[in-house]
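Below, each chain spelled out in residue letters.
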Amino acid sequence: MIRVIGAGVLVASLYVLMLGSHPKAGDLSNNLDLGNRLGFYGVMTLGVGVLIIAGGIDLSIGSVLGLAAVLFGVLMERGVPPVPAFLVTLLAGAVIGYAQGQLVTRLRLQAFLVTLCGLFIFRGLARQLTTSPVGIQKVKGLHPEFAQSLESLQFWFSGIDAGRDNEEVFPAQLVVLLVLAGVVGVVLHQTVYGRYWFAVGFNEQAARYAGINVERSRLAAFVLCSTLAALAGMMLLLSSGSAMPDNVGQSMELYAIAGAVLGGCSLRGGEGNVAGMVLGAAILPLIYKIVIFRDIGDAVIPSIVGGTLLLGVIFDEGLRRGQGWKSLLRLVRR
Amino acid sequence: MPALEARTVRKVFPGVVALDGVSVRIDPGEVVALVGENGAGKSTLMKILAGVYQPDGGEVLLDDRPVRFGGPRDAMAQGIALIHQELNLAENLSVVDNLFLGRERTRGGAVKWLDRGAMRDAGRELLRRVGLPESFLTATVSSLAPGQKQLVEIARALGQSARFLIMDEPTSSLTQLETDRLYLLIDDLRAKGVSIVYISHRLAEVKRVSDRAVILRDGKNAGELTKAEITHDNLVRMMVGRDLKQFFPRGHRTSAGEERLAVRGLRYAGGPDHAATFSMRAGEVVGMAGLVGAGRTELSEVVFGLRRGVSGEIAVNGQTVRIRTPADAIAAGVLLVPEDRRLNGLVTEATVGFNLSLPNLDSLSAMKLVSGTAESALHAKMIESLRIKTAGPGQVVGTLSGGNQQKVVFGKWLARGPKVLILDEPTRGVDVGAKAELYALIDELAGKGVAVWMISSDMEELLGVSDRVVVMHEGRIAGGLDRHELTEEAVMRLATGGVAA
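Same order as they appear, the protein sequences are chains A and D.
Every position in the first sequence, counted from 1, becomes a number in our numbering once 1 is added.
Every position in the second sequence, counted from 1, becomes a number in our numbering once 177 is added.
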């Protein structure tokens with residue numbers, strides 16, 4: 002609870018900071034854009050957050066996201082209509098999660114290593130699919146008959162209205178996130194499945210002795226994580242209009258993990274909640290906005306994200322030792 | 178030879194007064210047992226004597242002069258060594274490396290070459306003193322049995338010329354044989370003028386090893402007994418501050434009923450060649466004795482679905498059941514309270530309520546949605562009926578005392594109405610008061626027709642609680658003893674490979 006409040010306070014102060022950073026920061030268009038960015042990061046964070054709670058980790062998110070964006074584009078370029086292409090890509094994400102999850106749970110390989118390999122493999126696959134950029138305009142050019150369903154996908158998953166010069170008209174990505182957060186929240190906090198995730202993440206052995214199928218529970222978390230990464234990849238292609246196989250989604254796994262940790266998911270497993278994940282995901286877009294408005298130059302963004310995360314980790318450690326700020330101050334004084 | 182003394186020592190932790198003016202004196206060559214329930218302050222006192230904690234009031238005296246230890250290193254320099262309950266050895270290193278860890282013999286001045294020869298020679302002497310063979314010198318510590326590790330730790334303390342050994346429940350993971358060997362070593366050390374502070378939950382061994390017992394209760398001195406006065410009843414009375422006539426109640430026991438569990442010809446992967454066959458009736462408490470490594474825990478793990486059986490069958494209530502996972506066992510009504518409750522029995526970081534709910538979520542949920550009201554009702558019922566001392570279902574389990582943690586483990590299963598309840602060392606690390614409550618609970622469960630399979634290395638408990646005892650030796654069931662033929666000698670004879678008289 003304290004972690005969620007901490008994340009909430011951080012998000013609120015960053016938001017106020019952003020409002021003060023530029024006269025136009027409070028505009029509707031800026032808030033729409035912020036909402037969409039939050040939605041995009043949040044979808045990834047939600048997946049990896051659940052996985053972290055279940056005692057796993059996924060370093061392949063960025064590559065899976067990139068592969069999904071490219072696969073989605075390539076499928077449509079080759080004549081698969083947008084909605085089936087969308088579903089196939091989502092399924093591909095699930096299959097990737099299933100495969101990595103099986104390697105971790107059945108072969109008892111370390112999640113860190115399996116997904117590190119995945120990071121390379123799926124980036125490679127994306128680049129093998131095509132060497133040229135995939136793009137919405139290109140698909141429309143090749144298959145004019147796809148235009149209508151593609152534009153409604155763009156509207157519902159990225160908030161872009163093609164009829165109004167691709168302007169953001171509503172925070173679709175935020176809506177997607179909130180719907181997913183609602184569903185994941187209920188599953189995580191109200192159902193047996195969620196309870197098992199916490200148990201497995203806290204203490205795998207005790208969960209096993211309580212009759213829980215530890216492997217199946219953790220496997221489900223891997224599937225969820227990769228599926229949501231694939232969804233985020235498609236949202237990225239729909240909103241930005243194009244994607245390069247070489248670099249689309251690069252480093253996103255780290256932003257997603259950072260968001261989950263800032264939102265109170267402990268990498269020790271078994272701790273975290275959905276509200277925290279959503280708040281944690283908001284921190285990065287807010288920092289991005291502040292940096293842009295203040296015209297600092299986006300070169301500093303990684304350092305700021307890293308610094309914020311480090312502070313979060315120190316705070317978390319203080320909480321774990323049971324004295325919160327007191328032990329933090331003692332650390333500093335020493 | 179100096180004496181070590183704590184005088185009116187006080188220690189306060191946030192929210193708890195752990196020690197409130199406790200005094201104890203250990204004279205040269207004396208073995209003093211420190212006895213008390215969990216939470217009585219034994220560990221805190223021991224850590225103050227060993228320099229781990231500094232007292233908030235009172236003082237520690239060495240040879241009647243006040244001393245202040247800045248840390249365990251200071252205490253060690255004065256010859257005071259602490260042998261931890263959880264052993265502090267580097268498992269991946271060899272015995273000789275461990276003996277000299279942190280104070281390696283070197284030569285070559287500042288170059289600090291390891292002087293392996295000198296360490297081996299000195300190490301051999303140390304092993305000889307604790308009765309371990311020289312060949313152990315180069316063995317990796319992780320390959321040793323728990324009792325041997327303990328002896329290595331003692332040898333290390335002796336190598337640092339310890340004059341005071343503080344042992345925290347040294348026999349809790351030892352077999353009878355290893356325990357006997359430790360007793361002999363203690364006698365030997367005492368004869369050589371080494372003083373020993375001995376913390377134990379096992380009352381029989383307090384009588385065996387110590388010259389004097391100091392009893393603590395609620396952070397205060399509760400009394401002292403000379404060797405002649407040490408009796409089970411005297412000790413228990415001082416520890417719990419009340420009379421415990423019915424420590425091992427049998428009031429609910431009825432004559433055994435139908436066959437509840439039958440294990441026929443069971444063998445498992447990685448197990449011995451001998452197949453195990455035994456059975457248990459409703460309302461029966463069957464103790465299972467044996468040395469550590471005799472295969473008792475392994476057998477129970479096969480029956481609970483944690484280990485894969487390769488042949489044989491298991492029947493519950495006369496029906497053959499296929500048990501491949503713990504979920505299968507639980508569905509059949511076979512439930513396990515595991516040996517290591519912090520690792521396997523509980524999610525220690527989670528709350529009392531979380532743990533009580535965990536194996537019962539099927540009955541606490543509808544359409545996989547967990548019902549908060551059903552959960553609260555279960556939590557309240559279990560906390561009430563088992564008298565779990567907790568601030569509430571929201572308290573983190575790891576912060577409870579050992580006895581209360583174990584009650585939570587029992588509570589997890591009671592809601593399921595066990596047919597067969599496997600208890601693996603059910604009272605290890607549990608204080609006397611909670612032990613009595615657990616024994617009463619076992620008696621009550623047996624009265625309700627549960628077949629209780631109690632694996633235990635605690636002889637008093639085996640003799641006191643069981644209706645009969647099955648003894649294992651090297652993976653094989655060596656024999657069974659009915660209540661009327663149940664003696665410590667008979668159990669040990671079977672456990673060490675002899676035949677029943």
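Hints may be right or wrong, so weigh each one.
Restraint-style ranges between C-beta atoms, simulated for each label pair [unchecked claim]: (1) Arg322/A - Ala299/D: 34 to 44 Å; (2) Leu20/A - Gly234/D: 49 to 59 Å; (3) His190/A - Thr283/D: 32 to 42 Å; (4) His190/A - Arg245/D: 46 to 56 Å; (5) Val184/A - Lys558/D: 31 to 41 Å; (6) Ala148/A - Ala508/D: 51 to 61 Å; (7) Arg499/D - Gln103/A: 17 to 27 Å; (8) Gly247/D - Gly308/A: 31 to 41 Å; (9) Ser320/D - Gly308/A: 58 to 68 Å; (10) Gly294/D - Pro303/A: 51 to 61 Å; (11) Ser338/D - Gln103/A: 55 to 65 Å; (12) Leu270/D - Leu20/A: 53 to 63 Å.
It is worth saying that the hints were derived from the structure and are not from the lab.
Since this is a predicted model, take the numbers as computed values, not measurements.
Each residue gets a CB set at the ideal place from its N, CA and C atoms; glycine is no exception.
Evaluation of the provided hints:
1. At about 40 Å, the CB distance of Arg322/A to Ala299/D agrees with the hint of 34 to 44 Å.
2. Distance hint check for Leu20/A and Gly234/D: the Cβ-Cβ separation is about 55 Å, which falls inside the suggested range of 49 to 59 Å.
3. A C-beta distance of roughly 58 Å is found between His190/A and Thr283/D, which places it outside the suggested range of 32 to 42 Å.
4. For His190/A paired with Arg245/D, a C-beta distance near 51 Å keeps the hint of 46 to 56 Å intact.
5. A hinted range of 31 to 41 Å holds for the C-beta pair Val184/A and Lys558/D, which are about 33 Å apart.
6. Judged by the Cβ atoms, the range 51 to 61 Å given for Ala148/A and Ala508/D holds: they are separated by roughly 56 Å.
7. Taking 17 to 27 Å as the suggested C-beta distance range, the pair Arg499/D and Gln103/A conforms, at roughly 24 Å.
8. Here the CB-CB span from Gly247/D to Gly308/A is close to 36 Å, well matched to the stated 31 to 41 Å.
9. For Ser320/D and Gly308/A, the hinted distance range of 58 to 68 Å is not satisfied, since their beta carbons lie about 46 Å from each other.
10. A C-beta distance of roughly 54 Å is found between Gly294/D and Pro303/A, which places it inside the suggested range of 51 to 61 Å.
11. Evaluation of the 55 to 65 Å hint for Ser338/D and Gln103/A yields a pass: the beta carbon distance comes to about 56 Å.
12. Between Leu270/D and Leu20/A, the C-beta spacing of about 59 Å keeps the proposed range 53 to 63 Å intact.
When the structure is compared with the earlier hints, violations turn up for hints 3 and 9 and for no others.
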